[in-house]
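Colleague: Each chain, written out:
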Amino acid sequence: MFARRRHRLPVVLLPAVLTALAVLVPLPGRSQFTAKGVVDLDGNAVNPFRAATGKVVVFLFVRTDCPISNRYAPLIQELSSRYEKGAQFFLVYPVLAETREQIQNHLKEYGYKLAALRDPDRTLVRASDTRVTPEAAVFLPDGRLQYHGRIDDWYTEFGRSRPAPTTHELSSAVEAAIARKPVAVSAQPAVGCFLPDRP
Amino acid sequence: MSRRRSSLPSSMAALLAMAVSLAAHDRHGPTNDRATKSEPVTFNREIAPIIFQNCAPCHHPGEAGPFPLLSYEDAAKFARQIAYVTERHVMPPWLPAPGRLRFQGEMRLSDEEIQLFRRWAEQGAPRGDAKDLPPAPAFGSGWQLGKPDLILRARKPHLLAAGGTDNYWNFIFPTQEKGTRWVKAIEIHPGEKRVVHHANILVDRLHSSRSLEKNPGDGFPGMELRIESEAFDPDSHFFFWKPGSLPHEEPPGMALRLDPGDDFVLNTHLQPSGKPETIEPSLGLYFTDEPATKFPMLLELQNDPALDIPPGAAHFAVNDEFRITADLDLLAIYPHAHYLGKELRASAALPDGSSQTLIFIPRWDLNWQAVFYYVEPVFLPKGTVVSMQYVYDNSEANPSNPFHPPQRIQGGNRTTDEMAHLWLQVLPRGTPPQQEEARRSLQESLSRHDVVRNPADFAAQYNLGAMLQARGEVSEALLHYRAAVRLRPEDAIANNALGGALLATGHPAEALPPLQSAVQSQPDYSPAHYNLGNAFASLGRFPEAIREFGVAARLDPSDSMAEANWGAALAEAGELSAAREHLKKAVELDPKNAVALQNLQEVDRRLSSAEKQ
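Keeping their order, the protein sequence lines are chains X and P. Heads up: the first sequence begins at 259 in our numbering, then just goes up one per residue. Heads up: the second sequence begins at 4 in our numbering, then just goes up one per residue.
Chain X on its own, in the form it takes in the complex (with noise of 0.2 Å):
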């Protein structure tokens, strides 16, 4: 698997890569963006925003091993029923070494049943600044990034939990971005689980 991943990186991933840069760089944060290289699990390639059918877009990063992002799965799961609505999310599984198999199994596991993407030129990781899992991203069904960063305040530190969150970040986003207002907090840290850099 690991030797397999190695061989592919410096030949198809780097300027794919690059090219994301490219676009994003002049408005960094602002810029419209098509989810290019995005794929769903059988490897064919989807655009959450034509998916979304003019919903707000709303992203969720996660990992099958990482111990915080799983436990926001039913927090995840519950946002993304009650704003069905008005937001399509989406669940992104950005570590290219997990397998389809894996991530399979972790979506029956959780009780995921929410559509799940990966990300293999980090179109996505890049257009929405993510660093960890998990970590959210909202975005007008146009592709500007409304809101990046933290779900809420259950971890503010790596390694402490409080026993219940006390602010609600993401839902306050993607409530203002399908009322098409502009949002409290455009950003907000999130910590968990690093994506490896390698992807």
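Check the hints yourself; a few may be wrong.
[Said to hold, decoys possible] PhoX-like, lysine-lysine: derived pairs with alpha carbons at most 20 Å apart:
| no. | chain 1 | residue 1 | chain 2 | residue 2 |
| --- | --- | --- | --- | --- |
| 1 | P | K196 | P | K134 |
| 2 | X | K371 | P | K217 |
| 3 | P | K159 | P | K134 |
| 4 | X | K366 | P | K278 |
| 5 | X | K371 | X | K294 |
| 6 | P | K159 | P | K217 |
[What the hints assert, rightly or not] Far from chain X, by Cβ distances over 10 Å, these chain P residues were calculated:
| no. | residue |
| --- | --- |
| 7 | M94 |
| 8 | L104 |
| 9 | R105 |
| 10 | R122 |
| 11 | D262 |
| 12 | N270 |
| 13 | D368 |
| 14 | R411 |
| 15 | L430 |
| 16 | Q604 |
Just so you know, these hints were derived from the structure itself, not from any lab. It should be emphasised that the depicted structure is a prediction, and the values quoted were computed from it without experimental measurement. Every residue, glycine too, gets a C-beta built ideally from N, C-alpha and C.
Using the hints, position chain P against chain X.
Modeller: Okay, now just chain P, sitting in the frame of chain X:
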């Protein structure tokens, strides 16, 4: 693995070769060279030994660590994360700051090791030369102390929901050993270790927790337990599990007494994992033939009444202190606060004027609380003042603050209340009689200390009363029982104790009201019915006495004295053949019941003389 290595770019291979030769060179040099020079750090050579020793014990399948750390692949994908958490001392989780006193099982990395993680991550987590890689540790999956003498399993699993807040669940494990056993160790298998944050066993000899279960075996929620005990036989052993800890074996002569029918209560702190989990703990008990000859006790310092923390207060200090009344050895220490705890310190001021830090936790984290055993017992001479100095942070800056915006927080047992407790496990020195006297005086001083600090502390008033009564100071005991009843007029146990003490001092009429309120508030509390029966009998009110003894005997069918007194009251009322039946029952239950035997003889004599007439 060989396939991967052969696929390395040639420049990388050259770099590795260089690293190997440098490493060979380095072996005779100062040990911290690799941490400071820019030489490559590889998994196989530098990182694996640290990880296998310090991380793998929890980070392997079946253990608490959320992912394994047993191979290069496991570690490389978390390389930056490992550097980050070790630099911040988040991992390995170990609360006490280094000090003069050492604890067993300290989990701490050296600065050099931490730097190696950082450099390894910055260099892109290279694997290194296969020949440098030490063998991965092997971990057994069964009982770490070998096959237990007795395994107790949870009667019902606890189903932990996928989400929600931290959850505190208690399991009751009844025991049914034939005779007294001596327990030298309990290995706690808490169930799904990835969600159990800590687990703690309490011995419940009086079954005081059973009434908290809806149905027997269900278990019950609750973060802090109050287990009733005989005031002079309190809990004295720690049985604690936290991730990565080895089961603690008591030294010879210090086994825990387990009497037939004693309950163990396992208090668990659970963190939902994101998916539904089934928690099914079991306990492995290890017995010894050697009865206890050393009797440790737990000294509890606490100052919950002082906890009234205004919102926003970032440095709220709470103290307590206690002068020890005998020479003793301190064996272990257990500091406890909730989510606002910030800095926890315990110290000892010795009679010679010197002082010693017993433990210092610069950044408290409830999630990693633990019992800490000293490597060497700490001698504390009589007259030493042990103290706790705790600091709380109720500001926004506290990442564990349960409230936003912060709220006024007071002392209490709920998760979101705060606590200021410190338990010290101590072993008095001296000959056995001296030790016993030391335990008694410590226990009494502790209760007096509790009562003085907080006269509204019901348990302290009650305990002091019970202790004074046990030592024959009944009139002083009455004062404290009365205080306890004033604090909780409905409490059956305090009312019964007050009634019992009044009865013992020859005041049966005065004993009636507290005993009546005891049976009223807890109709199934057999000791109160028994005492009430005695009070009525002392007043010559035999029909009422007969009724109460009858209730007591039915509630506790094994109570020989209830049957004996029932028989006696019936005899007094002239119902000789009914009396005979109950006296015989009493003797069946306890063939040595002198009262029953004597009364049976007397009843038989009267019955036969009645027949003769």
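Colleague: Does the claim that P:D368 lies off the interface hold, with its Cβ farther than 10 Å from every Cβ of chain X?
Modeller: violated (6 Å)
Colleague: Straight-line Cα separation of X:K371 and X:K294 no greater than 20 Å?
Modeller: violated (24 Å)
Colleague: Just want to verify: P:M94 was marked as not at the interface with chain X; is every Cβ pair farther apart than 10 Å?
Modeller: The assertion about P:M94 is violated, with a minimum of 7 Å to chain X.
Colleague: When you look at the beta carbon of P:L430, is every beta carbon of chain X farther off than 10 Å?
Modeller: holds (35 Å)
Colleague: Using Cβ atoms and 10 Å as the threshold, tell me whether P:D262 really stays out of contact range of chain X.
Modeller: holds (37 Å)
Colleague: Far enough from chain X: is every CB of that chain over 10 Å from the CB of P:Q604?
Modeller: Holds: least Cβ distance 65 Å, greater than 10 Å.
Colleague: Do the alpha carbons of X:K366 and P:K278 lie within 20 Å of each other, as the hint requires?
Modeller: holds (10 Å)
Colleague: Is P:R122 truly not at the interface, in the sense that its beta carbon sits beyond 10 Å from all beta carbons of chain X?
Modeller: holds (14 Å)
Colleague: For the pair we were handed, P:K159 and P:K217, check the Cα-Cα distance against 20 Å.
Modeller: holds (12 Å)
Colleague: Using Cβ atoms and 10 Å as the threshold, tell me whether P:R411 really stays out of contact range of chain X.
Modeller: holds (15 Å)
Colleague: Confirm or reject: P:N270 is not an interface residue toward chain X, with every Cβ-Cβ distance exceeding 10 Å.
Modeller: holds (16 Å)
Colleague: Take a quick look at P:R105 and tell me if its Cβ sits farther than 10 Å from every Cβ on chain X, holds or violated.
Modeller: holds (24 Å)
Of the numbered hints given earlier, the model fails hints 1, 2, 3, 5, 7 and 13; all others are met.
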